[in-house]
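Going down the list, the sequences are from chains A and B. Note that the numbering used here has the first sequence beginning at 14, numbered continuously upward. Note that the numbering used here has the second sequence beginning at 162, numbered continuously upward.
Hints should not be assumed to be uniformly reliable.
Computed beta-carbon distance windows for the label pairs [to be verified]:
| # | chain 1 | residue 1 | chain 2 | residue 2 | range |
| --- | --- | --- | --- | --- | --- |
| 1 | B | G205 | A | S65 | 28 to 34 Å |
| 2 | B | S281 | A | P73 | 46 to 52 Å |
| 3 | A | I118 | B | P203 | 22 to 28 Å |
| 4 | A | D30 | B | T182 | 39 to 45 Å |
| 5 | B | T233 | A | S106 | 19 to 25 Å |
| 6 | A | S25 | B | S281 | 40 to 46 Å |
| 7 | A | E117 | B | L230 | 32 to 38 Å |
| 8 | B | Q177 | A | R31 | 45 to 51 Å |
| 9 | A | D30 | B | Q177 | 25 to 31 Å |
| 10 | B | Q177 | A | S106 | 27 to 33 Å |
| 11 | B | K238 | A | P21 | 42 to 48 Å |
| 12 | A | S106 | B | T182 | 25 to 31 Å |
| 13 | A | S22 | B | L172 | 29 to 35 Å |
| 14 | B | T180 | A | Q16 | 26 to 32 Å |
When the alpha-carbon atoms are kept at most 30 Å apart in a straight line, the in silico BS3-like pairs for lysine-lysine are as follows [to be verified]:
| # | chain 1 | residue 1 | chain 2 | residue 2 |
| --- | --- | --- | --- | --- |
| 15 | B | K166 | A | K115 |
| 16 | B | K234 | A | K55 |
| 17 | A | K63 | B | K166 |
| 18 | A | K63 | B | K174 |
| 19 | A | K52 | A | K119 |
| 20 | A | K63 | A | K115 |
| 21 | B | K227 | B | K238 |
| 22 | B | K174 | B | K238 |
| 23 | A | K55 | B | K174 |
| 24 | B | K206 | A | K115 |
| 25 | A | K55 | B | K166 |
| 26 | A | K63 | B | K227 |
| 27 | A | K119 | B | K206 |
| 28 | B | K220 | B | K206 |
| 29 | A | K52 | A | K63 |
| 30 | B | K238 | A | K55 |
| 31 | B | K220 | A | K63 |
| 32 | A | K119 | B | K227 |
| 33 | A | K55 | A | K119 |
| 34 | A | K115 | A | K55 |
| 35 | A | K63 | B | K234 |
| 36 | B | K174 | B | K234 |
| 37 | B | K166 | B | K220 |
| 38 | B | K206 | B | K234 |
| 39 | B | K234 | B | K220 |
| 40 | A | K55 | B | K220 |
Note that these hints are calculated values from the structure, not bench results. All C-beta atoms, glycine included, are put in the ideal place defined by N, C-alpha and C.
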Amino acid sequence: DIQMTQSPSTLSASVGDRVTITCRASQSISSWLAWYQQKPGKAPRLLIYKASSLESGVPPRFSGSGSGTEFTLTISNLQPDDFATYYCQQYNSYSTFGQGTKVEIK
Amino acid sequence: QITLKESGPTLVKPTQALTLTCTFSGFSLSSSGVGVGWIRQPPGKALEWLALMYWNDDKRYSPSLKSRLTITKDTSKNRVVLTMTNMDPVDTATYYCAQTPYGSGSYTYWGQGTLVTVSS
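From just these sequences and the hints, can you work out the full model?
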């Protein structure tokens, strides 16, 4: 199984900050990686697919990069609506989610 | 407009089987590339991928749960059914179904989720 490790587990930030979340795969997954945002009691929302492609309707302050085993999600100019938990997902071999990164208000 | 909705029991006893139905609209599971998957999330924990059914009847299962899972589809009724056998309290979770377009494996549309509690 491919394991996905996110860091940090929790991130404290302020409105307007630039934040970066990292996701590492236990083996190469090429660019088959997605990022999701989840708020309490809600289903996840797709933000980024194929490592760097922005899903339709997602604000451009969200961006993704990486390939192989290391990936990042960057949120520039953090907005109040962005405080949530973020998950990465690999879909190169079956599928696996990371353990999540909670972005909280500093 | 694409929508998905999960249905099934909210409470199951240990050792029983769980059957969940995903009823969807706005797309067809006979369209090339389309898939419907199941993902679960225990309370306060991370997402866990379970299974995926493709338009061409190809099926994929989580290796760690493969022996307990069965996924089927009824294209005419726009439904995908997941069965999980031998339920245990650790299987208590919100179960989501979600659509992946173009065979990609990333999930664009999600149902609201249904909480299943396993308890005697």
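Worksheet item: Against which earlier hints does the structure fall short, listed by number upward?
Response: Violated hints (numbers, rising): 9, 18 and 32; every other hint is consistent with the structure.
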